[in-house]
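Model the full structure from these sequences, guided by the hints.
2 protein chains.
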Amino acid sequence: MTGRLAVVGLGPGPEAQLTGAARAALAGATDLFGYGPYLARVALAPGQAAHPTDNREEIGRARAALALAAAGRAVAMVSGGDPGVFAMAAAVCEAVEAGPAAWRRLEIEVVPGVTAMLAVAARCGAPLGHDFCALSLSDNLKPWETGERRLRAAAGAGLALALYNPASRARPWQLARAFEVLRELLPPGTVVVFGRAALRDDERITVTTLGAADPGLADMATCVIVGSAETRAVPRPGLPPLVYSPRGAAR
Amino acid sequence: MTGRLAVVGLGPGPEAQLTGAARAALAGATDLFGYGPYLARVALAPGQAAHPTDNREEIGRARAALALAAAGRAVAMVSGGDPGVFAMAAAVCEAVEAGPAAWRRLEIEVVPGVTAMLAVAARCGAPLGHDFCALSLSDNLKPWETGERRLRAAAGAGLALALYNPASRARPWQLARAFEVLRELLPPGTVVVFGRAALRDDERITVTTLGAADPGLADMATCVIVGSAETRAVPRPGLPPLVYSPRGAAR
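From first to last, the protein sequence lines are chains F and D.
Under the numbering used here, think of the first position of the first sequence as 2, with each following residue one higher.
Under the numbering used here, think of the first position of the second sequence as 2, with each following residue one higher.
Worth flagging that the hints you see were computed from the coordinates, not collected in a lab.
Treat each hint with caution, since some may be false.
[Stated by the list, open to error] DEER-style ranges, computed between Cβ atoms:
1. F:Arg42 <-> D:Asp203: 54 to 60 Å
2. D:Ile60 <-> F:Ala28: 38 to 44 Å
3. F:Arg57 <-> D:Pro188: 28 to 34 Å
4. D:Ala102 <-> F:Asp203: 43 to 49 Å
5. F:Asn141 <-> D:Pro173: 40 to 46 Å
6. F:Arg42 <-> D:Pro242: 30 to 36 Å
7. F:Arg57 <-> D:Ala230: 24 to 30 Å
8. F:Asn141 <-> D:Gly29: 39 to 45 Å
9. F:Thr210 <-> D:Arg172: 33 to 39 Å
10. F:Pro236 <-> D:Asp55: 47 to 53 Å
11. F:Asp55 <-> D:Arg106: 44 to 50 Å
12. D:Ala230 <-> F:Gly73: 36 to 42 Å
13. D:Glu58 <-> F:Gly73: 17 to 23 Å
Cβ coordinates follow ideal geometry from the N, Cα and C atoms, glycine included.
Structure below.
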């Protein structure tokens, strides 16, 4: 009996944001793993078993899913957004590398999805329309100094920035410090977008400037986009501004 | 009569990679615009009009779509991958800013999709599993020196790199030069993935190293991922290697 593991991106949240391939991978699973709130988004079919786990338990969750796949089950690991961007696919790969040899023979499929920065960008225009980077502000697994060096390098080179994991109750100060660093490098008028729960019912998109940005607007459900110096916010009567980064760079 | 414009991400290509929201946006359009080969992917319903255009005509295409929306039609602009990543959403925003005031009152919706780097990453593991950037190697709209400076900054700061527009018949040398630059900064064993037509029938994923990477493997349908020094390729018996960037960074 040969099992398999699909690592499935649920996208930003609503069912309409799933791809057909993601829906099919979920439907074909006997067992579903994932962080509880993500797993709760999936309507289980009769006979499907849910294995919810806590946050911050990525490696244990990955090992449990791989063990069940190795035992012959068809396992799906769900991930918010895209599994390959600050999510479960890397944890699964890490568990395979450190695990028993048999896990390297398993059929493993990653099913991509719409990651948070793309949802936030879509809801305000095209702030990631040219060169950009995606950085995690969490210092759980990375020294803060490394993150700060990356912020400086990327902003200094003219990239727009998508900031994942900007804040949580356990990490209240990182985003404020990131804004301090960025204010040394970018004009105060630089466009900043707080994208909370983009494309969900409780969505809140706030367009502001680096000079005025209040880090308190971010929580665990927020992705913050900081434009480059070339990013523009086009005012529109009766509508939110249209934020975009031009397709090129000035000569 | 109020028109509207939806800028719709078709994802990597196959129908199964579209989101439900993208399918609905296409179905609700009276008129569809886009680069010919992308538009050809969409099965038109009776009464829907297709307006295919050539490549490199983004602004003209955006203006034509906006004009038709302003005339009361329900227009969809299709985009490969995600419209917000090196694609049509920024061109539409640019056309709105430079266009007649009435265009700022139009209902404009960007419908996100799975962009190429996420598809390539999914097909080889999780090479974008931690901090990364997305850079275009095209110098059509950006001086090459700017692109080279961004490559150096991002690679030097330890980011994985997703390189869009690595090569075309009109731009044959850029990727070779990019590899030269990166070889000054990264070890020769750094993992490189050529992801051509990821998730399509003619997919070709090649995992190699920076020291051995042949720029000739890239064409217009390719997204190239260059790992950081920490990115790993885990060998698997009888299967392609599993490529991933660890979820953190070494202390």
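Hint check results:
A hinted range of 54 to 60 Å is violated for the C-beta pair Arg42 of chain F and Asp203 of chain D, which are about 34 Å apart. For Ile60 of chain D paired with Ala28 of chain F, a C-beta distance near 42 Å keeps the hint of 38 to 44 Å intact. Look at Arg57 of chain F against Pro188 of chain D: about 31 Å separates their beta carbons, and that is inside 28 to 34 Å. Checking the proposed 43 to 49 Å range against Ala102 of chain D and Asp203 of chain F shows it is violated: the Cβ atoms sit about 33 Å from each other.
Our hint of 40 to 46 Å for Asn141 of chain F and Pro173 of chain D holds, since their Cβ atoms are close to 44 Å apart. Taken as a hint, the range 30 to 36 Å holds for the pair Arg42 of chain F and Pro242 of chain D, whose Cβ atoms sit roughly 32 Å apart. Here the CB-CB span from Arg57 of chain F to Ala230 of chain D is close to 26 Å, well matched to the stated 24 to 30 Å. A hinted range of 39 to 45 Å holds for the C-beta pair Asn141 of chain F and Gly29 of chain D, which are about 43 Å apart.
Under the hint 33 to 39 Å, the C-beta atoms of Thr210 of chain F and Arg172 of chain D, about 36 Å apart, fit the expected range. The given range of 47 to 53 Å is broken by Pro236 of chain F and Asp55 of chain D, whose C-beta atoms sit roughly 32 Å from each other. Between Asp55 of chain F and Arg106 of chain D the C-beta distance comes to about 47 Å, which sits within the given range of 44 to 50 Å. Separation of Ala230 of chain D from Gly73 of chain F is about 38 Å and conforms to the stated range, judged on CB atoms against 36 to 42 Å.
Against the hinted window of 17 to 23 Å, the Cβ-Cβ separation of Glu58 of chain D and Gly73 of chain F comes to about 53 Å, which falls outside the hint.
Violation of the numbered hints given earlier is confined to hints 1, 4, 10, 13; the remaining hints are satisfied by the structure.
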